[in-house]
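Protein chains: 2
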Amino acid sequence: MYYIGIDVGGITIKIGIVDKAGNILSKSAIKTENINPDLMIQKVSLEISKLLQSSNLSFDDVKGIGVGCPGAINGKLGVVKYSSNLKWTDFNLKQSLEKYTNKLVRVANDADAAALGEIIFGVAKNYNNVIMLTLGTGVGGGIIIDKKLYEGSNGMVGELGHIIMRANGHACGCGRKGCFEQYASATALIRQTKSAMLKNRDSLMWQGVQGDINNVDGKLSFSCAKLGDKTAIKVVDKYVSYLSEGILDYCNIFRPDAVVLGGGISKEGEFLTEKVVKYLEKYDYGYKGTPKTAILTAGLKNDAGILGAASLVAEEF
Amino acid sequence: MYYIGIDVGGITIKIGIVDKAGNILSKSAIKTENINPDLMIQKVSLEISKLLQSSNLSFDDVKGIGVGCPGAINGKLGVVKYSSNLKWTDFNLKQSLEKYTNKLVRVANDADAAALGEIIFGVAKNYNNVIMLTLGTGVGGGIIIDKKLYEGSNGMVGELGHIIMRANGHACGCGRKGCFEQYASATALIRQTKSAMLKNRDSLMWQGVQGDINNVDGKLSFSCAKLGDKTAIKVVDKYVSYLSEGILDYCNIFRPDAVVLGGGISKEGEFLTEKVVKYLEKYDYGYKGTPKTAILTAGLKNDAGILGAASLVAEEF
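Protein chains in written order, with our numbering: chain A, 224 to 540; chain B, 224 to 540.
Some hints here could point you the wrong way.
One copy or any two copies: either way a pair holds, since identical chains are not told apart in the list.
Unchecked claim - Pairs of lysine-lysine, BS3-like flavour, derived with a Cα cap of 30 Å:
| id | residue 1 | residue 2 |
| --- | --- | --- |
| 1 | 286 | 266 |
| 2 | 273 | 490 |
| 3 | 310 | 449 |
| 4 | 310 | 511 |
| 5 | 310 | 461 |
| 6 | 326 | 498 |
| 7 | 299 | 515 |
| 8 | 243 | 400 |
| 9 | 505 | 286 |
| 10 | 400 | 250 |
| 11 | 299 | 490 |
| 12 | 417 | 400 |
| 13 | 310 | 505 |
| 14 | 243 | 310 |
| 15 | 498 | 400 |
| 16 | 266 | 348 |
| 17 | 266 | 417 |
| 18 | 400 | 461 |
| 19 | 322 | 348 |
Simulated from the structure, these hints should not be mistaken for lab results.
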């Protein structure tokens with residue numbers, strides 16, 4: 224039996240055939256078009272057929288189709304309530320795709336799917352209770368409880384970047400002030416890096432951007448910190464303290480077996496996680512005498528979207 | 224079939240026989256003694272026998288025994304890892320009580336048991352995903368997912384008062400700074416009340432304490448706010464904003480069907496919840512277009528401890 228994983232993005236829709244071990248047999252991608260979403264899903268279904276055919280498989284060999292989609296999703300119903308990337312509103316993606324394929328379809332928010340992907344196919348395979356934090360433009364999240372994706376009663380759960388880190392702090396896109404996302408996202412790190420550079424004209428980081436502050440990205444402070452630049456080290460340490468405080472919050476709430484970090488910043492790997500662990504140890508992982516939470520970086524790399532989506536139908540649900 | 228609920232406290236241990244509808248048939252209490260915990264549990268077992276006898280019941284009529292206990296509990300093992308109130312450390316309460324009673328025993332932290340009690344017997348009966356916040360000396364919590372108590376892999380979960388509300392804020396007993404508990408507990412409200420009184424000598428609240436600030440309690444600001452005292456109104460509004468920000472955090476994480484408020488402050492009832500709801504509406508319950516979370520106060524009053532404990536064996540687990 225095989226699973227189909229579909230990673231819906233604003234620019235392309237990636238499709239893959241995945242086996243039980245999490246190997247991608249074959250994959251393909253089509254352009255996301257600004258057309259009626261049901262028509263778009265019809266095109267996706269055709270692409271699945273082609274992909275199966277080219278792999279000498281048929282829909283009979285497929286257990287189900289998982290779809291990871293950006294935006295607000297009601298996973299129980301398979302409805303995309305709202306996706307700003309796709310401009311889809313109240314679209315029953317599950318119903319549409321099931322109509323064209325006659326297969327069981329399960330839809331989830333892409334960050335949720337990524338979290339499940341890590342527990343089914345990735346780095347968190349041996350754990351039961353896992354929190355995933357995706358450190359990118361924002362901070363996304365996924366909650367795995369007893370190896371299952373937590374979806375709540377009406378979806379839209381796991382907005383883990385939107386807990387308050389500093390009451391009345393930085394304004395957040397969600398309407399509140401001081402969200403975790405405003406301190407621990409790549410966007411926040413870039414802001415923190417720029418601010419430190421403006422105060423420290425002698426920082427090595429200026430060389431890293433050829434003197435143009437507009438070139439600052441989420442990697443700059445980390446790479447210059449590794450070279451010993453004092454300003455960069457301070458930026459990284461401050462960023463790690465914000466990130467770790469958020470992780471401590473999630474330790475106290477869930478006492479998870481593992482926190483998996485994904486997204487751009489997570490590519491710093493052990494250089495990042497070692498610093499986080501040191502901070503967590505200083506605060507006893509949130510509380511005295513608590514079991515320690517493993518801090519990992521995402522195991523599924525480039526194909527995380529397809530594998531996360533496939534995991535939606537690979538898990539028992 | 225009946226359930227036994229045991230509410231272990233630092234001063235007394237309350238025991239009750241509970242039926243399926245959540246009625247307490249009979250109850251009793253014994254003094255908590257500073258003796259070997261296994262001996263204490265032997266005394267509890269004797270008291271259960273007496274209580275059953277006086278109700279013309281036997282252990283055969285009992286499905287199981289639930290125990291709510293303060294401190295750090297590993298619910299899966301039934302072990303009290305540490306309880307400062309009881310001075311018990313690494314005590315296998317489940318094993319001890321099962322040895323003396325030959326009945327199935329389940330142990331949980333008392334705040335967790337209270338949360339489950341509300342979903343099995345109390346105000347949250349019709350909901351699946353519920354967060355309970357106990358607003359007392361500290362802020363305790365319980366997490367109910369799909370009508371089941373979330374216990375994590377090693378217990379000690381649901382420390383919902385220990386998420387950061389203000390980075391580097393008030394020092395907290397847990398070792399961190401700026402925890403939610405430092406802003407939303409009854410202790411915090413008393414501190415906030417005193418601080419406002421010292422700045423406003425003309426506040427009605429001074430009359431409420433006969434001029435002695437040591438008499439301030441968690442009710443004072445609420446009762447004077449109801450009488451129109453401007454300082455008291457400001458204190459309550461500020462307190463509500465802190466509490467609501469924490470609730471918004473939990474809305475964004477869990478998107479729960481309901482948040483149940485327990486503990487001393489929750490006795491303010493609708494006067495409190497109406498203010499909280501107004502605040503949540505202002506922030507779209509954490510995010511635009513999200514399903515609304517019901518804000519309730521605990522339904523189980525004086526016997527909440529016994530009923531919460533009994534619910535541990537009343538739920539399917």
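Tested hints:
For the homomeric pair residue 286 and residue 266, the shortest alpha-carbon distance inside one copy (20 Å) is at most 30 Å, but the shortest distance between copies (56 Å) is not. Taking the shortest alpha-carbon separations for residue 273 and residue 490, neither the intra-copy value of 34 Å nor the inter-copy value of 63 Å comes in at or below 30 Å. For a Cα distance limit of 30 Å, the shortest separation of residue 310 from residue 449 qualifies neither inside one copy, at 41 Å, nor across copies, at 47 Å. In this assembly of identical chains, residue 310 and residue 511 lie within 30 Å of each other by CA distance solely across copies; the values are 15 Å between and 47 Å within a copy.
When the C-alpha separation of residue 310 and residue 461 is checked against a cutoff of 30 Å, the pair qualifies neither within a copy, at 36 Å, nor between copies, at 38 Å. Taking identical chains as interchangeable, the C-alpha atoms of residue 326 and residue 498 are never at most 30 Å apart, the minima being 45 Å within one chain and 48 Å between chains. Proximity of residue 299 to residue 515 under the C-alpha cut-off of 30 Å is restricted to the inter-copy arrangement: shortest distance 17 Å between copies versus 33 Å within a copy. Taking the closest pair of Cα atoms, residue 243 and residue 400 never come within 30 Å of each other, the shortest separation being 43 Å inside a single copy and 46 Å across copies.
For a Cα distance limit of 30 Å, the shortest separation of residue 505 from residue 286 qualifies neither inside one copy, at 46 Å, nor across copies, at 44 Å. Taking identical chains as interchangeable, the C-alpha atoms of residue 400 and residue 250 are never at most 30 Å apart, the minima being 41 Å within one chain and 49 Å between chains. Taking the shortest alpha-carbon separations for residue 299 and residue 490, neither the intra-copy value of 32 Å nor the inter-copy value of 36 Å comes in at or below 30 Å. Taking CA atoms no more than 30 Å apart as the test, residue 417 paired with residue 400 passes in both settings, with 21 Å inside one copy and 27 Å between copies.
For the identical chains of this complex, residue 310 and residue 505 are inter-copy neighbours only, at 25 Å across copies versus 45 Å inside a copy, given an alpha-carbon limit of 30 Å. Taking the shortest alpha-carbon separations for residue 243 and residue 310, neither the intra-copy value of 33 Å nor the inter-copy value of 50 Å comes in at or below 30 Å. Taking the shortest Cα distances, residue 498 and residue 400 sit within 30 Å of each other both inside one copy (27 Å) and across copies (19 Å). In this homomeric assembly, residue 266 and residue 348 never come within 30 Å of each other (Cα to Cα): the closest approach is 34 Å inside a single copy and 45 Å across copies.
For the identical chains of this complex, residue 266 and residue 417 are neighbours neither inside a copy (44 Å) nor across copies (66 Å), given an alpha-carbon limit of 30 Å. For a Cα distance limit of 30 Å, the shortest separation of residue 400 from residue 461 qualifies both inside one copy, at 19 Å, and across copies, at 15 Å. Taking the closest pair of Cα atoms, residue 322 and residue 348 never come within 30 Å of each other, the shortest separation being 33 Å inside a single copy and 37 Å across copies.
This entry does not satisfy hints 2, 3, 5, 6, 8, 9, 10, 11, 14, 16, 17 and 19, going by the numbered hints stated previously.
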